[in-house]
Amino acid sequence: MLVHSFDVVVIGAGAAGLFCAAQAGQLGLKVLLVDHSEKVAEKIRISGGGRCNFTNRDATPAQFLGENPHFCRSALSRYTPQDFIELLQRHNIPFHEKHKGQLFCDRSAEDIINMLLAECGAGQVTRWQPCAIKSIKYASSPDVALAGSYQIESDRGSIEAPQVVIATGGLSIPKIGATDFGYRIAKQFGLRLVEPRAALVPLTFDGEAWAPYAQLAGLALPVLIETSPVDATPKQRKKAVVFSEDLLFTHRGLSGPAVLQISSFWREGQPIRINLAPGVDLPALLLRAKATSKKLIANELATLVPSRLADAWVSTDPALQKPISEATDKALLGLAQRLAGWELTPNGSEGYKKAEVTTGGVDTRDLSSQTLESRQPGLYFIGEVVDVTGWLGGYNFQWAWASAHACAQALKAKSTPVQAHFV
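Following our numbering, the residues of the sequence shown are numbered contiguously, the last one being 437.
Keep in mind that the hints were calculated from the coordinates and are not lab data. Treat the hints loosely; a few may be bogus.
Listed next, the in silico SDA-like pairs over lysine to any residue satisfying Cα-Cα at most 25 angstroms (straight line) [unchecked claim]: (1) 336 / 305; (2) 53 / 344; (3) 426 / 379; (4) 344 / 354; (5) 114 / 304; (6) 112 / 63; (7) 304 / 319; (8) 304 / 368; (9) 151 / 426; (10) 368 / 151; (11) 367 / 225.
Label pairs and their calculated CB-CB ranges [claimed, not checked]: (12) 64 / 115: 14 to 22 angstroms; (13) 362 / 317: 49 to 57 angstroms; (14) 74 / 172: 42 to 50 angstroms; (15) 362 / 260: 15 to 23 angstroms; (16) 169 / 189: 33 to 41 angstroms; (17) 153 / 92: 27 to 35 angstroms; (18) 427 / 221: 15 to 23 angstroms; (19) 75 / 113: 17 to 25 angstroms; (20) 63 / 174: 37 to 45 angstroms; (21) 228 / 104: 19 to 27 angstroms; (22) 115 / 295: 26 to 34 angstroms; (23) 351 / 321: 14 to 22 angstroms; (24) 348 / 112: 37 to 45 angstroms; (25) 91 / 169: 35 to 43 angstroms.
Small disclaimer: the values here were computed from a predicted structure and weren't measured. Yeah, the Cβ is synthetic: ideal placement off N, Cα and C, and Gly gets one too.
Using the sequences and the hints, build the whole thing.
As structure tokens, then:
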């Protein structure tokens, strides 16, 4: 029976898998890249509205979360946003900064995909797509000084390699091919998992409770947003993560960058807290209006927040449906307090179908932060399948590039090439 031999098999042709395969191939290794889907890098293709927010110029470990938030430091320090920017420049790909360090392609996300495929070509990477992996087994070497090898059964035949990289991503956006393959392989080889959750995802609310706000669907406004445990101490609240981003009302709940950001930190049963008028001194302005205006409270409030929001807010409280001059100071101060600290508890999220990423994944306690190799010799995990999740804004792609780069360097350092194909 014909067995195809390679130095490395990379499973998953997304951002991390493509980049790792290309880097390893260019380091002189014989690389096979496999994916069950016919298309490559669908997440790249649809990201950033089709223009791919491929990194963030200001990325640091502070924008990543996981059970061990320090795990990402090593890889991120060795492959920076500037390194990836220089790669784009070598390929003459034009890009621009949108805001807060977010970098996008000027033309299309296809530029990034074509660049990664060209890099794979430069590394003479063999690519099998579509190709499903049926099984992966490990055979240790009778000589303890030698590495064992992996026997892989696939749709296109048997494969043997001493090193395997799992770059199959998480569970987000199943319609473009997301599966739990990486988690199953981790479990097969005795590695621990941090429970996966949908992240960078819209939050939903109980239909009846949400009814007064459903009419605001489509309204966007800048807010401050945070989440913290119900019983948080003042010290914990001081440490709470707060995002200053745009909020979007939907028929089922809340979305927009503010909510996507906070969703990675939110847990079921926790409230979120929103300041709907950041930078506005609501108490002073409402009391001043009381002294000088005869307009309805809703009309005065509409000078401070969007009018649709003002109308919806006042409609929920009969005590506020009157001229502002007739309102008590207590009622106006209460209104200001609720707008600046709107606390509400989601009943869930839109789930993996709308989530941009998956938090959790392969437990970093079972991986090397230097090499991304697991406790299982020769088995590596990179990208989204690992318990490292970035904020919204290009950070998750930067983790894909950095973890792939660190892994490729380790693959080269550990390998005895099956067939050197560079002079």
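Now for the hints, and whether the structure bears them out:
1. Between residue 336 and residue 305 the CA atoms are separated by roughly 14 angstroms; this keeps the pair inside 25 angstroms, and the hint holds.
2. For the hint pairing residue 53 with residue 344, the CA-to-CA distance comes to about 61 angstroms; that exceeds 25 angstroms, so the pair is violated.
3. Restraint check: the Cα-Cα separation between residue 426 and residue 379 comes to about 23 angstroms, which is no more than 25 angstroms; the hinted pair holds.
4. Our distance criterion of 25 angstroms between C-alpha atoms is met by residue 344 and residue 354, whose separation comes to about 15 angstroms.
5. A distance of roughly 38 angstroms separates the Cα atoms of residue 114 and residue 304; the hinted pair therefore is violated under the 25 angstroms criterion.
6. Only pairs whose Cα atoms come within 25 angstroms are accepted, and residue 112 paired with residue 63 is accepted, the gap being roughly 12 angstroms.
7. Distance restraint check for residue 304 and residue 319: the Cα-Cα separation of roughly 17 angstroms lies within the 25 angstroms cut-off, and the hinted pair is therefore satisfied.
8. Taken as a hint, the residue 304 and residue 368 pair is broken in the structure, with Cα atoms around 44 angstroms apart against an allowance of 25 angstroms.
9. For the proposed pair residue 151 and residue 426, the alpha carbon gap of about 22 angstroms is at most 25 angstroms, so the pair holds.
10. Using a Cα cut-off of 25 angstroms, the hinted pair residue 368 and residue 151 is violated, with the two alpha carbons roughly 34 angstroms apart.
11. A hinted pair counts as satisfied when its Cα atoms are at most 25 angstroms apart, and residue 367 with residue 225 qualifies at roughly 24 angstroms.
12. In this structure the supplied range 14 to 22 angstroms holds for residue 64 paired with residue 115, their Cβ-Cβ distance being about 20 angstroms.
13. Taken as a hint, the range 49 to 57 angstroms is violated for the pair residue 362 and residue 317, whose Cβ atoms sit roughly 35 angstroms apart.
14. In this structure the hint that residue 74 and residue 172 lie 42 to 50 angstroms apart at CB holds, the actual value being about 44 angstroms.
15. Taking the beta carbon of each, residue 362 and residue 260 are about 22 angstroms apart, inside 15 to 23 angstroms as hinted.
16. Between residue 169 and residue 189, the C-beta spacing of about 22 angstroms breaks the proposed range 33 to 41 angstroms.
17. The hint said 27 to 35 angstroms for the Cβ distance between residue 153 and residue 92, and at roughly 32 angstroms that hint holds.
18. Range check, residue 427 to residue 221: Cβ separation about 56 angstroms, and the 15 to 23 angstroms hint is violated.
19. The hinted window of 17 to 25 angstroms between residue 75 and residue 113 holds, with their beta carbons roughly 21 angstroms apart.
20. Against the hinted window of 37 to 45 angstroms, the Cβ-Cβ separation of residue 63 and residue 174 comes to about 42 angstroms, which satisfies the hint.
21. Checking the proposed 19 to 27 angstroms range against residue 228 and residue 104 shows it is violated: the Cβ atoms sit about 50 angstroms from each other.
22. A hinted range of 26 to 34 angstroms for the beta carbons of residue 115 and residue 295 is consistent with their spacing of about 30 angstroms.
23. Remark: the range hint 14 to 22 angstroms for residue 351 to residue 321 is upheld by a beta-carbon distance near 21 angstroms.
24. Between residue 348 and residue 112, the C-beta spacing of about 38 angstroms keeps the proposed range 37 to 45 angstroms intact.
25. At roughly 39 angstroms, the beta-carbon separation of residue 91 and residue 169 lies within the given 35 to 43 angstroms, and the hint holds.
Of the numbered hints given earlier, the model fails hints 2, 5, 8, 10, 13, 16, 18, 21; all others are met.
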